[in-house]
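Q: Chains as they are written, first to last, in the working numbering: chain D, 2 to 660; chain R, 2 to 660.
A portion of the hints provided could be inaccurate.
[What the hints assert, rightly or not] Cross-link-like lysine-lysine pairs, in silico, BS3-like; alpha carbons within 25 Å at most:
(1) R:Lys-397 with D:Lys-105
(2) R:Lys-14 with D:Lys-413
(3) R:Lys-105 with D:Lys-338
(4) R:Lys-338 with R:Lys-274
(5) D:Lys-397 with D:Lys-361
(6) D:Lys-512 with R:Lys-14
(7) R:Lys-512 with D:Lys-105
(8) D:Lys-274 with D:Lys-292
(9) R:Lys-361 with R:Lys-397
(10) D:Lys-14 with R:Lys-413
(11) R:Lys-169 with D:Lys-105
(12) D:Lys-512 with D:Lys-14
(13) D:Lys-14 with R:Lys-338
Since the hints were made in silico from the structure, they are not lab data.
Listed below are the residues making up each chain.
Number of protein chains: 2
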Amino acid sequence: MDGRRRVVIEGIKPEIDGGLFPIKRTVGEKVRVEADVFADGHDAVRCQLLYRKKGQTEWTLTQMSHVVNDRWEGMFYVTELGTYEYTVQAWVDKFLSWHHGIVKKIPAAQDSSVDFLVGANLLESVLENASASDQILLKAWAAALRSNQLDQMRQCALDEQLVLTMLKYPSPSPVSVYHRTLNVHVDREKARFSAWYELFPRSCAAEVGRHGTFKDCEARLPYVAGMGFDVLYLPPIHPIGRTHRKGRNNSVTPTPDDPGSPWAIGSEEGGHKAIHSDLGTLEDFRSLVRKAGELGLEVALDLAYQCTPDHPYVKSHPEWFRRRPDGTIQYAENPPKKYQDIYPIDFETEKWSQLWEELKSVVLFWMDQGVKIFRVDNPHTKAFLFWEWLIAEIHKVDPEVIFLSEAFTRPKVMYRLAKLGFTQSYTYFAWRNTKWELTEYFQELTQGEVREYFRPNLWPNTPDILTEYLQIGGRPAFMSRLVLAATLGPNYGIYGPAFELCENRPLVRGKEEYLDSEKYEIRHWDLARPDSLRDLIARINSIRKSNPALQSNDRLVFLPVDNEQLIAHAKTTEDLSNVILVVVNLDCHYKQSGWIDLPLAKLGLEADHPFQVHDLLTDARYFWHGSRNYIELNPHVLPAHILRVRRRVRTEQDFDYFM
Amino acid sequence: MDGRRRVVIEGIKPEIDGGLFPIKRTVGEKVRVEADVFADGHDAVRCQLLYRKKGQTEWTLTQMSHVVNDRWEGMFYVTELGTYEYTVQAWVDKFLSWHHGIVKKIPAAQDSSVDFLVGANLLESVLENASASDQILLKAWAAALRSNQLDQMRQCALDEQLVLTMLKYPSPSPVSVYHRTLNVHVDREKARFSAWYELFPRSCAAEVGRHGTFKDCEARLPYVAGMGFDVLYLPPIHPIGRTHRKGRNNSVTPTPDDPGSPWAIGSEEGGHKAIHSDLGTLEDFRSLVRKAGELGLEVALDLAYQCTPDHPYVKSHPEWFRRRPDGTIQYAENPPKKYQDIYPIDFETEKWSQLWEELKSVVLFWMDQGVKIFRVDNPHTKAFLFWEWLIAEIHKVDPEVIFLSEAFTRPKVMYRLAKLGFTQSYTYFAWRNTKWELTEYFQELTQGEVREYFRPNLWPNTPDILTEYLQIGGRPAFMSRLVLAATLGPNYGIYGPAFELCENRPLVRGKEEYLDSEKYEIRHWDLARPDSLRDLIARINSIRKSNPALQSNDRLVFLPVDNEQLIAHAKTTEDLSNVILVVVNLDCHYKQSGWIDLPLAKLGLEADHPFQVHDLLTDARYFWHGSRNYIELNPHVLPAHILRVRRRVRTEQDFDYFM
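Kindly produce the complete structure, drawing on both the sequences and the hints.
A: Here it is as structure tokens:
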């Protein structure tokens, strides 16, 4: 130990659970690091942020600067996929300490020759590290400081160039290094910015009643791509079990024709690496992945680690299932609910290690077919340690793989799954309807520490979730929830065509299951219906693509509106070159109006200059002036504005003759 | 690694800087620990808090209980000086999970024999760990569960005694243990609750003009003890340097008679282990320590690691001082201020290790003379690593030693010194005068994480600090600041007799130095002055001793009063057996009145019962009813109430004939 290290480094942010987990970024993003850094006494401290790609031995150093109250900040960009490391180092800088003193002594006429000699010594102590040209400068300055000519010594000490040069060559001094190295996990851009579309391939047939195939799904691709989505997520595509198969509307008395739930995985035909024969072949699937890619759509598969009683694992690996004293396998239950068609995998099995390897091989198998995105079904009902291991293992093979966590459960469980490695996560968005609920929740997601590792993916509906808001609000509700999902976060998704066709008939009023749910039957959708939201969706996805403010989870600000039914938020790029204001009428029935309060400075606006807001949904333009502006939204026409702020409003002074 | 561990443990509180520093407690205090604990799925989790005295190999286990939102809590008491360790462990409990299921299945009539067989197996799996009597019970229950008689099986499964018995014998299951062991530093009670009195022994002579001695100081002991203090803190008692000695009122042109500042330590007569010859001998000092002890007063010494040019270290250890190019030693300076009478010790010396040992030997020397409390002068101008080492080393020798940090500097520096080991710390209290300032600051000190390691010691004045509030406010200000210091925190101190005699003449208006400061001259105080606050101080210290609510830094609550000049706070014991309300008039000139709002439930009061508040300062009693009550305080009489709440107000129903 070197007892001469005088600088303390603490309170580093971001740092998740004392460095146990990495923060997350995508390629090209910035990492801003803060730390409390201070020394005893009043000597000058210098502080550097160190970072490197994991595996490199050399650190890159960047200067940190003092903000206030011993808080320092620095930043770096991550430019490659994988893991980066960062930490902070600092030291008492002898030259700067001397310089701070002498610039105070000179005006007080307290400077004496010996003070300048101290400076000369410091200059000479770094000579050997200096570049040839700097050596010449430093020698000249040292000579001036030794000249014993007060004017010359003072002039030299006050020379800004001297300080800038000396900053390059820290005076040798014991350096304190923060006691932990922290990690950044860097994903590809789609981890941060994506638009998902979920559909059931078996409902894609052109003719009513036929089981759709991957070929039918291929024919649907232009429709999906045309709406501007970039991820096509398919529910499980594997053979469906026969034992205890569910019928229409979740009935336990199916007819022989009922196709069953895709999540009831496994039959005699195969398990998690097999394809349901009615959908086509593995080659058909590969073709779908390829064709989708040509249209800018990546296929995401569902990773649902559970088995029907007919799954091959049940015979080949009975040790992966928990048996009861009567020899039967314990089906899934959450008493008094029973799921006799599902055998949960027993993660407490003695053979956990072989189990983990097999489950990993499932992911690798589909990666071999070109899949790089997995939507993980109910990860919170499988072991945390397994996911942490699996995701790390897969990222060793391909760091581009994205895992979306479908954990609708308690908040700390959801956050833990994100910390341990899930790329994106479903959220409570579907159930946040009022202004207060939305504001509270999105402030938690975007302003707390969770934003460093939890990437929300906002879904207004899923095959399991038809919210009461959509049931009651109808088409205006679908429109307003769409705008909220697509603008409150950079990642969002819809379950279609139910969504664009505003499917809102519940099985039972007050519950969230769909009537005639696609989970249990093949549906035929009339995509050409005139009331489809298809064009609105296309418009919104296009707006998202051309406005970088909407492509990041940073800088979300809620704006005051004097009407509880109107919610307004702003998103901006860091340089304010792109400023988007979104206003949504949460009332699905009545026109609402109110006054919005803009934080002008935060949006790069001046109080005394008019500005234009351009509604990217309708192409209407409004001239606004000052912070308070009027909003009126009719839900039966369009319950939202997505306004791009354009700062420049032309005036007569723009004409040549005014120059 | 055991991949079957399914429980996550995170977010433990208290945990300082990821476990880098211990929390602090005193003997007999409670440690309340919280953690987020959860497993995948919906199995039942059990959670235990583990603790032990450091050095023991066995942990003591206590149950933690679920609060809300996956948050668990548990507690233990520390009963010995030194260091305790704690951590948390948890597991998925098979029996409890089964029990949670069966109690839901039974009312739904979904229970089947096999369910009860599962239970029987679980009972039998813990048989070998069970006590003989529990074995009998468990065997009987297992038989009942195997009976295949539905009534009998159900009755057994619902037997509360079964659950209580099984809780004693956790079903074997992989256990997750939190990845860190956290520490508690346990001090003696005085670290938590103390009243300090600072005086200059050289001003204790009975006759005007004579240099006081330890003998004179002995004569002063009954006066100090009579006011109820328990720590007598002496400024440095060492030989004072001659070179650049300061004269009266900090003059740089002293007369030969000027005694100099006690903080200018070291002369040819000796340094930090020597005694100023005018004060007496080492034996006199020992006698003072002994006599003080007999009166319940512990002597605290000043630890000021700095040297005058005449200090023996300057000759014997020139390498401990930084030399300038002209061979002179760099005196202390904070340009443009110069302190030519002080040579700072160079903690960056190559010989830091020998230096540390010598400085440690100073502490050990005075410990040998019976001193166990050190007030450390300006610790923030010496190396942090040194203090961390020194305090740990001393506590190895004697864990009773108390170090008070006199660091009036930036907040993070003060908090770091507390984290690294200082027992108590000076605060910004002296400069917090308005209701808002006091409220904000004391909420930070008592409700944030700092309360786990930073023990405030509140001083309304010191020899360096005569606040503007005291200068302007005069005697009422001294009274109100006294009450605030003595009740806002369990540790406080005054610099006397300047304080009780309301000395408030500044050297320069607008600065904080005293006119005719005792730092530079011998003062003679007229202790018998009729306006002395001596009796008030005695009363307040007596109130502190008999009211445990005032002996802890926990449970401070500010109460709303509808007058900005009145500040009110409550302190309570955890069981509410002692409830103290303090109201202070911050206006030193005018009578102020207002209505105070009491949080009745928090204070153990009922809205519909009158209660009595007993002013412990004046012995007056008031009958109050409900939450809003009237307060009026005249600063020229007494600017404060210290009210003890007495819940019981006698009524006619207390008479026998009402029974």
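Q: Assess, step by step, whether the Cα of Lys-105 (chain R) is no farther than 25 Å from the Cα of Lys-338 (chain D), and give holds or violated.
A: Given that 25 Å is the threshold and the Cα spacing comes to 10 Å, the pair holds.
Q: Does the alpha-carbon distance linking Lys-397 (chain R) and Lys-105 (chain D) stay inside the 25 Å limit?
A: Not satisfied, since the Cα-Cα distance of roughly 44 Å exceeds 25 Å.
Q: Sort out whether Lys-105 (chain D) lies within 25 Å of Lys-169 (chain R), counting only the CA atoms.
A: Violated: Lys-169 (chain R) and Lys-105 (chain D) sit about 71 Å apart, past 25 Å.
Q: Is the Cα-Cα distance between Lys-338 (chain R) and Lys-274 (chain R) 25 Å or less?
A: This hinted pair is violated, its Cα atoms lying about 29 Å apart.
Q: CA of Lys-512 (chain D) to CA of Lys-14 (chain R), is that 25 Å or under?
A: Between Lys-512 (chain D) and Lys-14 (chain R) the Cα gap is close to 39 Å, so the pair fails against 25 Å, i.e. violated.
Q: Regarding the pair Lys-512 (chain R) and Lys-105 (chain D), is the alpha-carbon distance no greater than 25 Å?
A: Satisfied, since the Cα-Cα distance of roughly 22 Å is no more than 25 Å.
Q: Would you mind confirming whether the straight-line C-alpha gap from Lys-397 (chain D) to Lys-361 (chain D) stays at or under 25 Å?
A: Roughly 12 Å between the alpha carbons, so the hint for Lys-397 (chain D) and Lys-361 (chain D) holds.
Q: Going straight from one Cα to the other, do Lys-14 (chain D) and Lys-338 (chain R) come out at no more than 25 Å?
A: violated, 36 Å
Q: Please verify whether Lys-14 (chain R) and Lys-413 (chain D) have alpha carbons no more than 25 Å apart.
A: holds, 15 Å
Q: Can you confirm whether the C-alpha distance between Lys-14 (chain D) and Lys-413 (chain R) stays at or below 25 Å?
A: Measuring from Cα to Cα gives roughly 15 Å; hence the hint holds.
Q: Would you check the hint for Lys-274 (chain D) and Lys-292 (chain D), treating anything up to 25 Å between C-alpha atoms as holding?
A: Distance ~21 Å between Lys-274 (chain D) and Lys-292 (chain D) Cα, so the pair holds.
Q: Compare the distance between the alpha carbons of Lys-512 (chain D) and Lys-14 (chain D) with 25 Å, and conclude whether the hinted pair is satisfied.
A: violated, 42 Å
This entry does not satisfy hints 1, 4, 6, 11, 12, 13, going by the numbered hints stated previously.
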